[in-house]
Amino acid sequence: FVYWGPLNSYTGPHTDVLHSFSWSYNVAGEKLWTFYPPSSCFDAEDIPPTSSNGTTSESSSILKPFRITQQAGEMVFVPSRWKHDVRNVRHNTLSINHNWITTANVDLAWVCVV
Numbered sequence: 066f067v068y069w070g071p072l073n074s075y076t077g078p079h080t081d082v083l084h085s086f087s088w089s090y091n092v093a094g095e096k097l098w099t100f101y102p103p104s105s106c107f108d109a110e111d112i113p114p115t116s117s118n119g120t121t122s123e124s125s126s127i128l129k130p131f132r133i134t135q136q137a138g139e140m141v142f143v144p145s146r147w148k149h150d151v152r153n154v155r156h157n158t159l160s161i162n163h164n165w166i167t168t169a170n171v172d173l174a175w176v177c178v179v
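Each residue of the sequence shown is one higher than the last, beginning at 66 in the numbering used here.
Among these hints, one or two may not hold up.
Claimed, not checked - Ranges between beta-carbon positions, derived for each pair:
| no. | residue 1 | residue 2 | range |
| --- | --- | --- | --- |
| 1 | Thr-76 | Ala-137 | 14 to 20 Å |
| 2 | Val-178 | His-156 | 36 to 42 Å |
| 3 | Phe-66 | Cys-177 | 33 to 39 Å |
| 4 | Asn-73 | Val-178 | 31 to 37 Å |
| 5 | Phe-131 | Cys-177 | 36 to 42 Å |
| 6 | Pro-71 | Glu-139 | 32 to 38 Å |
| 7 | Trp-175 | Trp-88 | 21 to 27 Å |
| 8 | Met-140 | Ser-74 | 17 to 23 Å |
| 9 | Val-82 | Gln-136 | 23 to 29 Å |
| 10 | Asn-73 | Val-171 | 35 to 41 Å |
I should point out that these hints are in silico values taken from the structure, not numbers from a laboratory.
Bear in mind the structure is a predicted one, so any value in this text is a computation, not a measurement.
Even for Gly, the Cβ is constructed at its ideal location relative to N, Cα and C.
Construct all of the structure, not just a fragment, from the sequences and the given hints.
Next comes the structure, spelled out in structure tokens:
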């Protein structure tokens, strides 16, 4: 599927559908990704979204997130169950994305279905 987003638009903290793996190829623009490992025990809705300058509130510092900036022409892999948020920075952004399930995460996906 294809995502298009204007400058400073974002997707708030979430895990991908059915605990799938995913990749995102950035065709144009720049994205700031913030990742929270599965070992962080919290609800995604409790995480404040990353601001346009790449910061989160002080209360979220215990979550130990890490951030990457994705440029046009780069691909990002998102492991199953990793919470993340994404902000389009510096330009309008266009990306191509794909989610999939394998034998490595089919049990997690099944739990989401039943």
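Here's how the hints hold up against the structure:
1. Thr-76 <-> Ala-137: 14 to 20 Å: For Ala-137 against Thr-76, whose Cβ atoms are near 18 Å apart, the range 14 to 20 Å holds.
2. Val-178 <-> His-156: 36 to 42 Å: Between Val-178 and His-156, where Cβ atoms are some 37 Å apart, the hint holds.
3. Phe-66 <-> Cys-177: 33 to 39 Å: violated, 19 Å
4. Asn-73 <-> Val-178: 31 to 37 Å: holds, 35 Å
5. Phe-131 <-> Cys-177: 36 to 42 Å: violated, 25 Å
6. Pro-71 <-> Glu-139: 32 to 38 Å: violated, 20 Å
7. Trp-175 <-> Trp-88: 21 to 27 Å: With Cβ atoms ~22 Å apart, the hint holds.
8. Met-140 <-> Ser-74: 17 to 23 Å: About 20 Å separates the Cβ atoms of Met-140 and Ser-74, which means 17 to 23 Å holds.
9. Val-82 <-> Gln-136: 23 to 29 Å: holds, 26 Å
10. Asn-73 <-> Val-171: 35 to 41 Å: holds, 37 Å
In this structure, the hints that do not hold are numbers 3, 5 and 6, in rising order.
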